Amino acid sequence: MSAELVNLAAATTAGRLGAVAYGLAAIGPGVGIGLVFGHSIEAMARQPEAMPIIRTNMFLGFALCEVLALLGLVVPFIFQS
Numbered sequence: 001m002s003a004e005l006v007n008l009a010a011a012t013t014a015g016r017l018g019a020v021a022y023g024l025a026a027i028g029p030g031v032g033i034g035l036v037f038g039h040s041i042e043a044m045a046r047q048p049e050a051m052p053i054i055r056t057n058m059f060l061g062f063a064l065c066e067v068l069a070l071l072g073l074v075v076p077f078i079f080q081s
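Residue numbers for the sequence shown follow UniProt numbering, beginning at 1 and rising by one.
Don't read these hints as lab results, they were simulated from the structure.
Bear in mind the structure is a predicted one, so any value in this text is a computation, not a measurement.
Please note that the accuracy of each hint is not assured.
To be verified - Derived DEER-like restraints, expressed as beta-carbon distance ranges:
(1) H39 x V67: 14 to 20 Å
(2) L70 x G38: 19 to 25 Å
(3) R55 x F79: 34 to 40 Å
(4) L17 x E42: 34 to 40 Å
(5) R16 x I53: 42 to 48 Å
Ideal Cβ placement from N, Cα and C applies to all residues, glycine included.
Please take these sequences and the hints and turn them into a complete structure.
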């Protein structure tokens with residue numbers, strides 16, 4: 001095989017591994033966001049007077065979970081060989 005084909009095969013494999021890594025990295029934040037919103041709705045139903053505080057914490061939890069998904073997207077590009 002020529003060196004160009006080897007480099008092309010390595011780049012293709014690295015790209016596929018990056019896609020698999022992002023797919024696995026998106027599972028955790030997806031579950032986390034579902035839990036954050038589910039428990040927030042439950043808390044608002046139990047204590048409606050605490051709704052502003054719960055809503056603030058809900059969006060903070062959502063943002064933190066979403067950051068994990070974005071890191072999962074960026075990290076394969078940073079550590080690409």
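So, going through the hints one by one against the coordinates:
1. H39 x V67: 14 to 20 Å: Once the Cβ atoms are compared, 19 Å apart, the range 14 to 20 Å for V67 and H39 holds.
2. L70 x G38: 19 to 25 Å: This hint holds: roughly 22 Å between Cβ atoms.
3. R55 x F79: 34 to 40 Å: holds, 37 Å
4. L17 x E42: 34 to 40 Å: holds, 39 Å
5. R16 x I53: 42 to 48 Å: With a Cβ separation near 45 Å, R16 and I53 satisfy 42 to 48 Å, so the hint holds.
The structure fails none of the hints (numbered hints given earlier).
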